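Heads up, the working numbering is the position in the sequence shown plus 24, with the first residue counted as 1.
I should point out that these hints are in silico values taken from the structure, not numbers from a laboratory. None of the values given here were measured: they were computed from a predicted structure. Take the hints with a grain of salt, since some may be wrong.
Calculated lysine-lysine pairs in the DSSO-like style (CA-CA distance at most 30 angstroms, straight line) [unchecked claim]:
1. Lys184 / Lys369
2. Lys283 / Lys369
3. Lys400 / Lys376
4. Lys478 / Lys464
5. Lys458 / Lys477
6. Lys52 / Lys162
7. Lys376 / Lys194
8. Lys469 / Lys433
9. Lys59 / Lys164
10. Lys212 / Lys249
11. Lys477 / Lys464
12. Lys212 / Lys239
13. Lys184 / Lys244
14. Lys369 / Lys277
15. Lys428 / Lys376
16. Lys162 / Lys239
17. Lys450 / Lys464
18. Lys277 / Lys299
Across the chosen pairs, the derived CB separations fall in these ranges [said to hold, decoys possible]:
19. Asn214 / Arg251: 44 to 50 angstroms
20. Gln101 / Gly361: 36 to 42 angstroms
21. Lys31 / Thr419: 41 to 47 angstroms
22. Ile440 / Lys59: 48 to 54 angstroms
23. Ser288 / Val182: 37 to 43 angstroms
24. Glu403 / Thr81: 28 to 34 angstroms
25. Val201 / Ser417: 51 to 57 angstroms
26. Val200 / Gln131: 45 to 51 angstroms
27. Asp185 / Asp263: 30 to 36 angstroms
By construction, the Cβ of each residue, glycine as well, lies at the ideal position given by its N, Cα and C atoms.
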Amino acid sequence: MSIKINKITKEQSDKIRLIRENQFGDVKGKDIAPKILTQHISAFANADGGDLYIGITDIERLWEGFVNEEAANGHLQAFEEFFPLGTDFQYEFLQCDNHPGLVLHAQINKTQAIRVASNKIPYKRVGAQSLPQNTPEKLKRLELAKGVVSFETELVNVSKDVVTKSEVIKKFINEVVPTTKPEPWLRKQNLLREERPVVAGTLIFADEPQAALPKHCGIKIYRYKTRDIEGVRDVLSEDPITVEGDLYTQINKAVQITKEITESIPKLSDEGMEKIQYPPETLHEILTNAVLHRDYSIKDDIHIRIFDDRVEVQSPGRLPSNITPENILDERFARNGAIVRILNKFPNPPNKDVGEGLNTAFIKMNELGLKAPVIKEPENSVLVLIRHEPLASPTEMIMEYLAKNPQIKNAKAREITHTSTDFRMKGVFNRMEKAGLIEKVPGTKTSQTAWRKKSY
Numbered sequence: 025m026s027i028k029i030n031k032i033t034k035e036q037s038d039k040i041r042l043i044r045e046n047q048f049g050d051v052k053g054k055d056i057a058p059k060i061l062t063q064h065i066s067a068f069a070n071a072d073g074g075d076l077y078i079g080i081t082d083i084e085r086l087w088e089g090f091v092n093e094e095a096a097n098g099h100l101q102a103f104e105e106f107f108p109l110g111t112d113f114q115y116e117f118l119q120c121d122n123h124p125g126l127v128l129h130a131q132i133n134k135t136q137a138i139r140v141a142s143n144k145i146p147y148k149r150v151g152a153q154s155l156p157q158n159t160p161e162k163l164k165r166l167e168l169a170k171g172v173v174s175f176e177t178e179l180v181n182v183s184k185d186v187v188t189k190s191e192v193i194k195k196f197i198n199e200v201v202p203t204t205k206p207e208p209w210l211r212k213q214n215l216l217r218e219e220r221p222v223v224a225g226t227l228i229f230a231d232e233p234q235a236a237l238p239k240h241c242g243i244k245i246y247r248y249k250t251r252d253i254e255g256v257r258d259v260l261s262e263d264p265i266t267v268e269g270d271l272y273t274q275i276n277k278a279v280q281i282t283k284e285i286t287e288s289i290p291k292l293s294d295e296g297m298e299k300i301q302y303p304p305e306t307l308h309e310i311l312t313n314a315v316l317h318r319d320y321s322i323k324d325d326i327h328i329r330i331f332d333d334r335v336e337v338q339s340p341g342r343l344p345s346n347i348t349p350e351n352i353l354d355e356r357f358a359r360n361g362a363i364v365r366i367l368n369k370f371p372n373p374p375n376k377d378v379g380e381g382l383n384t385a386f387i388k389m390n391e392l393g394l395k396a397p398v399i400k401e402p403e404n405s406v407l408v409l410i411r412h413e414p415l416a417s418p419t420e421m422i423m424e425y426l427a428k429n430p431q432i433k434n435a436k437a438r439e440i441t442h443t444s445t446d447f448r449m450k451g452v453f454n455r456m457e458k459a460g461l462i463e464k465v466p467g468t469k470t471s472q473t474a475w476r477k478k479s480y
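Use the sequences and the hints to build the structure in full.
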């Protein structure tokens with residue numbers, strides 16, 4: 025394994041030496057046994073990823089690196105065997121003139137598969153600890169969290185009649201597959217097994233899945249009359265609304281209720297009081313995404329919190345596989361593949377554009393001139409913040425663009441400011457010119473007119 029040596033400054037080395045040992049980072053002395061080191065790398069890979077620095081003492085935080093590359097061979101051999109260099113695992117040596125030796129830096133990404141240490145046990149990073157997942161219960165929880173297995177395939181201890189004779193399945197069969205009967209169709213789709221329905225089948229086709237899976241599949245909607253960071257009972261406008269029923273009905277009801285509540289929120293504008301407007305596609309796609317991809321093994325509901333200036337959607341379970349808040353718009357992984365597939369068979373399915381829904385949510389916010397949703401991962405859940413916060417003004421966007429680029433033309437300005445016509449864009453340019461912010465680039469005119477920052 026060929027590892028690059030990168031030179032860093034004293035300031036950079038000091039930041040590394042003093043890094044906090046937490047969920048995302050750790051330091052270890054160079055004398056740590058390779059087998060112990062694999063436990064920490066396994067832990068980061070099975071959680072959220074992180075950075076591990078080898079060659080810095082744990083307690084004193086002294087930089088005591090390897091005398092040369094060969095001195096780290098034992099560690100590198102363990103890496104090559106269990107965590108080979110590639111997309112998920114990257115390694116480098118760090119050198120600083122102010123400190124002795126080379127520090128080995130391991131950058132670990134959140135992996136799609138469960139990774140084990142040299143003792144064949146998987147570990148998981150929890151705070152500043154790398155904990156073994158060495159019991160059947162812990163391993164099952166890790167498998168569910170990573171999406172290796174899905175709770176949607178578990179059997180539910182209720183009669184098959186709950187799904188074979190429900191009003192939901194009758195209507196579905198009549199509208200979608202009228203040439204067959206409920207029971208054989210459910211078996212063919214692996215939603216019925218051993219005379220009992222699986223979780224996915226119960227959630228989609230039971231008239232009241234909450235009776236079979238209490239606290240696993242409800243939606244709670246709260247209206248807080250505040251802009252504060254947290255909603256408290258004192259500012260709760262009414263009792264929380266509980267949305268139950270089969271998933272198809274639940275999604276439609278939750279979207280409709282959320283839309284009605286948000287549209288009733290007043291907002292003061294230059295023209296007086298007006299209603300707040302969120303893109304309906306954004307609310308629909310984010311709520312649908314929460315229902316489709318939550319971890320149904322966790323006993324908790326989806327929580328929709330509506331504030332004066334934002335909507336929060338919190339769903340149980342962390343992002344599965346290698347999905348992170350940073351790559352969620354580009355990567356694809358369905359924790360509940362059967363639920364996604366079967367709901368897409370319904371007339372006017374909530375997940376009509378499979379795999380593109382979240383992208384649509386972001387695009388529609390942009391088109392309405394609102395900032396993009398923010399995705400976070402608080403303890404064992406996914407939280408999406410839909411803020412009613414305008415994007416920067418066209419003037420601010422253009423000046424920000426010109427801070428990084430020498431000039432800008434009408435077409436590019438319209439693209440970044442979401443301005444619909446040439447005429448409107450010209451008006452923005454003219455106002456900025458009068459304000460002394462920009463000037464025309466000499467020699468450009470008509471449709472090729474370019475603008476640059478005013479030079480003094």
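Status of each hint after checking the structure:
no.	hint	result
1	Lys184 / Lys369	holds, 21 angstroms
2	Lys283 / Lys369	holds, 25 angstroms
3	Lys400 / Lys376	holds, 25 angstroms
4	Lys478 / Lys464	holds, 9 angstroms
5	Lys458 / Lys477	holds, 12 angstroms
6	Lys52 / Lys162	holds, 26 angstroms
7	Lys376 / Lys194	holds, 22 angstroms
8	Lys469 / Lys433	holds, 10 angstroms
9	Lys59 / Lys164	holds, 24 angstroms
10	Lys212 / Lys249	violated, 49 angstroms
11	Lys477 / Lys464	holds, 9 angstroms
12	Lys212 / Lys239	holds, 28 angstroms
13	Lys184 / Lys244	holds, 28 angstroms
14	Lys369 / Lys277	holds, 19 angstroms
15	Lys428 / Lys376	violated, 39 angstroms
16	Lys162 / Lys239	holds, 21 angstroms
17	Lys450 / Lys464	holds, 12 angstroms
18	Lys277 / Lys299	holds, 21 angstroms
19	Asn214 / Arg251: 44 to 50 angstroms	holds, 47 angstroms
20	Gln101 / Gly361: 36 to 42 angstroms	holds, 38 angstroms
21	Lys31 / Thr419: 41 to 47 angstroms	holds, 42 angstroms
22	Ile440 / Lys59: 48 to 54 angstroms	holds, 52 angstroms
23	Ser288 / Val182: 37 to 43 angstroms	holds, 39 angstroms
24	Glu403 / Thr81: 28 to 34 angstroms	holds, 31 angstroms
25	Val201 / Ser417: 51 to 57 angstroms	holds, 53 angstroms
26	Val200 / Gln131: 45 to 51 angstroms	holds, 48 angstroms
27	Asp185 / Asp263: 30 to 36 angstroms	holds, 33 angstroms
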